[in-house]
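Novice: Sequence:
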Amino acid sequence: FFGSYEWSKKALHDTGAVEDGAIHLISGFFANGVGALIWNPMDVVKQKKQAVVGQLSTGPLSGLRAVWVEGGISKGLLRGYWSGMATYGPFSAIYFYIY
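If you use the working numbering, the sequence shown corresponds to residues 7 to 105, in order.
Simulated from the structure, these hints should not be mistaken for lab results. Every value quoted in this text rests on a predicted model; they were computed, and no experiment measured them. Built from N, CA and C at the ideal position, the CB exists for glycine as well. Check the hints yourself; a few may be wrong.
Here are the computed lysine-lysine pairs in the DSSO-like style, where the Cα-Cα straight-line distance is at most 30 angstroms [to be verified]:
{"id": "1", "residue 1": "K81", "residue 2": "K54"}
{"id": "2", "residue 1": "K81", "residue 2": "K52"}
{"id": "3", "residue 1": "K81", "residue 2": "K55"}
Computed beta-carbon distance windows for the label pairs [claimed, not checked]:
{"id": "4", "residue 1": "A23", "residue 2": "G65", "range": "40 to 50 angstroms"}
{"id": "5", "residue 1": "S10", "residue 2": "Q56", "range": "49 to 59 angstroms"}
{"id": "6", "residue 1": "P96", "residue 2": "H19", "range": "19 to 29 angstroms"}
{"id": "7", "residue 1": "G27", "residue 2": "S89", "range": "20 to 30 angstroms"}
{"id": "8", "residue 1": "H19", "residue 2": "W45", "range": "24 to 34 angstroms"}
{"id": "9", "residue 1": "G65", "residue 2": "G86", "range": "14 to 24 angstroms"}
{"id": "10", "residue 1": "D26", "residue 2": "L62", "range": "48 to 58 angstroms"}
{"id": "11", "residue 1": "Q61", "residue 2": "H19", "range": "42 to 52 angstroms"}
{"id": "12", "residue 1": "A17", "residue 2": "L62", "range": "40 to 50 angstroms"}
{"id": "13", "residue 1": "T21", "residue 2": "L62", "range": "50 to 60 angstroms"}
{"id": "14", "residue 1": "A92", "residue 2": "H19", "range": "25 to 35 angstroms"}
{"id": "15", "residue 1": "R71", "residue 2": "Y101", "range": "32 to 42 angstroms"}
{"id": "16", "residue 1": "M91", "residue 2": "A23", "range": "43 to 53 angstroms"}
With the hints as constraints, model all of the structure from the sequences given.
Specialist: Encoded structure:
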């Protein structure tokens, strides 16, 4: 998350085409997008595990495999990615701008 923020901030600064305030906004939004690629699949697996009643959990890897088999990437592991970006992307952008 923070690594992608710093990378984006440096890349935008080096272009010289973006003002300082906008650099933080764009980099915050970008960092959230990169971070969500990691935590969104974990959240999908967690929610699937929580929704199962009466079965013993066989671990996170089996949950990951089950979500992968059921929906693949876009309809499985990244389900809800865009709604999360619409919610948390602006938050991260504003947070880094203010911070």
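Novice: Each hint needs a verdict: does it hold in this structure or not?
Specialist: Evaluation of the provided hints:
1. Distance hint between K81 and K54 is fulfilled; the C-alpha atoms sit about 13 angstroms from each other, no more than 30 angstroms.
2. Pair hint K81 plus K52 holds up; C-alpha atoms about 16 angstroms apart against a cutoff of 30 angstroms.
3. A hinted pair counts as satisfied when its Cα atoms are at most 30 angstroms apart, and K81 with K55 qualifies at roughly 17 angstroms.
4. Our hint of 40 to 50 angstroms for A23 and G65 holds, since their Cβ atoms are close to 48 angstroms apart.
5. A beta carbon spacing of about 28 angstroms between S10 and Q56 contradicts the range 49 to 59 angstroms that was offered as a hint.
6. At roughly 22 angstroms, the beta carbons of P96 and H19 sit within the given window of 19 to 29 angstroms.
7. One distance hint, 20 to 30 angstroms for the beta-carbon pair G27 and S89, holds here, with the actual separation near 27 angstroms.
8. For the hinted restraint 24 to 34 angstroms between H19 and W45, the CB-CB distance of approximately 27 angstroms keeps it satisfied.
9. Distance hint for G65 and G86: a CB-CB separation of about 22 angstroms, consistent with the stated range 14 to 24 angstroms.
10. Roughly 53 angstroms separates the CB atoms of D26 and L62, a value that falls within the hinted 48 to 58 angstroms.
11. Distance hint check: the CB atoms of Q61 and H19 are about 51 angstroms apart, consistent with the given range 42 to 52 angstroms.
12. At roughly 47 angstroms, the beta-carbon separation of A17 and L62 lies within the given 40 to 50 angstroms, and the hint holds.
13. Look at T21 against L62: about 53 angstroms separates their beta carbons, and that is inside 50 to 60 angstroms.
14. The hint said 25 to 35 angstroms for the Cβ distance between A92 and H19, and at roughly 27 angstroms that hint holds.
15. Look at R71 against Y101: about 35 angstroms separates their beta carbons, and that is inside 32 to 42 angstroms.
16. For M91 and A23, the Cβ-Cβ distance of about 24 angstroms falls outside the hinted range of 43 to 53 angstroms, so the restraint is violated.
Consistency note: the structure conflicts with the earlier hints numbered 5, 16.
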